[in-house]
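The chain contents come next:
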Amino acid sequence: MGKPRISDEPVFDGFKIKVEELNLYYGEKQALKNVSISIEEKQVEAFIGPSGCGKSTFLRTLNRMNDLIDGCRVEGKVEIGGQDIYQKGFDVPYLRRKVGMVFQKPNPFPMSIYDNIAYAPRTFGIKKKDELDEIVVSSLKRASIYDEVKDRLKESALALSGGQQQRLCIARALSASPSILLLDEPTSALDPVSTAKIEELIGELKKEIGIVIVTHNMQQAARIADRTAFFLMGELVEEAPTTAIFSHPQDERTLSYITGRFG
Amino acid sequence: MSRKGLSRYLGLSLKGVTYLSLILSNVALLGIIIYILVDGMGYLTWDFLFGPYRAPDLISIWPAIVGTLELLLIALALGLPIGIGSAIFLSEYSKSESKLVKAIRLATETLSGIPSIVYGLFGYLVFVVGFGWGYSLLGGGLTLFLMILPLIVRSVEEALVSVPKSLREASLALGAQKSRTVFKVVLPSASSGIVTGCILASGRVISESAVLLLTIGMVVNKVPGDMLSAGTSLALDIYYFSNFGMPEEAAATSVVLLLLVIFINLLALLAERLLRGKGYGKA
Ligand SMILES: Nc1ncnc2c1ncn2[C@@H]1O[C@H](COP(=O)(O)OP(=O)(O)OP(=O)(O)O)[C@@H](O)[C@H]1O
Ligand SMILES: [Mg+2]
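Chain order of the listed sequences is R and L. Under numbering that gives the first Met the number 0, the first sequence has 101 at position 102, and the numbering climbs by one with no breaks. Under numbering that gives the first Met the number 0, the second sequence has 145 at position 146, and the numbering climbs by one with no breaks.
Among the hints, a few may not be true.
To be verified - With a cut-off of at most 25 Å between alpha-carbon atoms, the simulated SDA-like pairs for lysine to any residue come out as follows:
#1 Lys-127/R - Glu-154/R
#2 Lys-94/L - Ile-68/R
#3 Lys-104/R - Pro-187/L
#4 Lys-104/R - Gly-133/L
#5 Lys-164/L - Ser-50/R
#6 Lys-164/L - Tyr-24/R
#7 Lys-164/L - Glu-207/R
#8 Lys-177/L - Arg-63/R
#9 Lys-15/R - Glu-27/R
#10 Lys-149/R - Lys-196/R
#11 Lys-127/R - Arg-275/L
#12 Lys-126/R - Arg-167/L
#13 Lys-104/R - Val-100/L
#14 Lys-28/R - Phe-11/R
#15 Lys-153/R - Glu-207/R
#16 Lys-153/R - Ser-206/L
#17 Lys-177/L - Glu-207/R
#18 Lys-164/L - Lys-127/R
As the list claims (entries may be wrong) - Derived coverage of chain R by chain L (criterion: at least 3 residues anywhere in the stretch with Cβ under 8 Å from a Cβ of chain L; other residues may be distant):
#19 83-95
#20 103-112
These aren't lab readings, by the way, just hints derived from the structure by calculation. All residues carry an ideal CB built from backbone N, CA and C; glycine is no exception.
With the hints as constraints, model all of the structure from the sequences given.
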């Protein structure tokens, strides 16, 4: 616990995501059917689709958060940077450091703002105060929330507004210096101003890291995503550059969805 | 009466009942405390607390103070680590569907409902007779430990279960190991529930008398030499004094018992602070 690891960490060769014929079952129920997709580094990929089509489920296979669910079974291959992340004995905590996640509802720890951000670095064994300070400040700055909280780092994170909490959660995810960030409807609980801030933030972050975002808001996908994937009933129907998906989708189910005929 | 009128009437009368019970319980509590203080305070002398016991003119509760502290020590030193550990195992490391867990849960629920005199009988048969220890503080402490164990397991488990899943997910998604998640996120978030459970458990130990009558005897006049000697406790002393025509002594002992309870509560508050760690916000 908390010791810096050196030798047994998997070596990722870049952070391209490659999924081949993925099937996922919750008990008897199949939630993902034969999903294959490639996601390049340092770009924004949006997942859209009606409720219950498996977007969150698929997102959670990318950092193995589904491992936590009893009775969840995964078949197929998920490769990140050339490593099969479902191979036996794979260092899952290390995977989650490199593939960070932000959830739909802000979930700050009931600790101070500082301790929220310092949590991950402390987990990796960083103890020196100046090193921690530096990570905390830079993470908060990258999530563009530093100016709002710099005078109250020792206060509880729960006292922040919902939008601030969500950016704090993004800062917390960044403190682990991930190379990919998974966002599950990060703005669905927020007002338009906070939403705009987070969208702007995503534009900044993608210069350095890859971003996969689930969203119900098609304008949002159109605004921020380089490519968009459309899911329906556990299947990946279509994946293409965002402009192409919205202007001339290849599949008529995609067309019906984006023109609002179902879902 | 119309439906609306009825529900308004019900609402009002429920409110009345609530206030009445609030007043009654507070008045009763205050009454008890005042009664005890008035009766007992005057009797609290150095000799009564710490002096030797030489009946009939020198009465002291020092043996009971020593006995109570020893009982607390034995019961909590075993009960807290084992109880909290089991609760952590049950709620964090086992599948809640498994047969074993269900069996354990049923057992703790049943055990925490058993009247204490039954535990006393068990302690008597096992420690006093079976092990041949005779009346002993150790036997009493062990019996109390068995009695509060299910209580601690249940209350701590409840506190752990009420910690939202999203906090566990947040920690794991940052690459934290399970153990770190449990000890740095789940336990601190559950700290107030855990501390409440521990206070309740110590309260049971301090106030217990039935179990002790059968396991440590009621030797009010001798400071216990070691864990294996017979002894007494504050609660037993109160019983003894009031039974043998010494109501003032009984009241004075009650004052000490009350103070001990307050002291334990303060200690628990401190423990909660420590468990939460610094920087833990109030909001
Ligand atoms: N823990 C679980 N156990 C069993 N079934 C689940 C579980 N989580 C999700 N499912 C099922 O898997 C399917 C996909 O769910 P998922 O949460 O991935 O959908 P989604 O596309 O994210 O929907 P939404 O847009 O509403 O968030 C749904 O039918 C859901 O009922
Ligand atoms: Mg979802």
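Here is what the structure says about each hint:
no.: 1; hint: Lys-127/R - Glu-154/R; verdict: 21 Å, holds
no.: 2; hint: Lys-94/L - Ile-68/R; verdict: 11 Å, holds
no.: 3; hint: Lys-104/R - Pro-187/L; verdict: 21 Å, holds
no.: 4; hint: Lys-104/R - Gly-133/L; verdict: 60 Å, violated
no.: 5; hint: Lys-164/L - Ser-50/R; verdict: 21 Å, holds
no.: 6; hint: Lys-164/L - Tyr-24/R; verdict: 21 Å, holds
no.: 7; hint: Lys-164/L - Glu-207/R; verdict: 31 Å, violated
no.: 8; hint: Lys-177/L - Arg-63/R; verdict: 14 Å, holds
no.: 9; hint: Lys-15/R - Glu-27/R; verdict: 31 Å, violated
no.: 10; hint: Lys-149/R - Lys-196/R; verdict: 18 Å, holds
no.: 11; hint: Lys-127/R - Arg-275/L; verdict: 21 Å, holds
no.: 12; hint: Lys-126/R - Arg-167/L; verdict: 22 Å, holds
no.: 13; hint: Lys-104/R - Val-100/L; verdict: 31 Å, violated
no.: 14; hint: Lys-28/R - Phe-11/R; verdict: 33 Å, violated
no.: 15; hint: Lys-153/R - Glu-207/R; verdict: 29 Å, violated
no.: 16; hint: Lys-153/R - Ser-206/L; verdict: 41 Å, violated
no.: 17; hint: Lys-177/L - Glu-207/R; verdict: 29 Å, violated
no.: 18; hint: Lys-164/L - Lys-127/R; verdict: 30 Å, violated
no.: 19; hint: 83-95; verdict: holds (count 4)
no.: 20; hint: 103-112; verdict: holds (count 7)
Hint check: violations occur at hints 4, 7, 9, 13, 14, 15, 16, 17 and 18; the rest are consistent with the structure.
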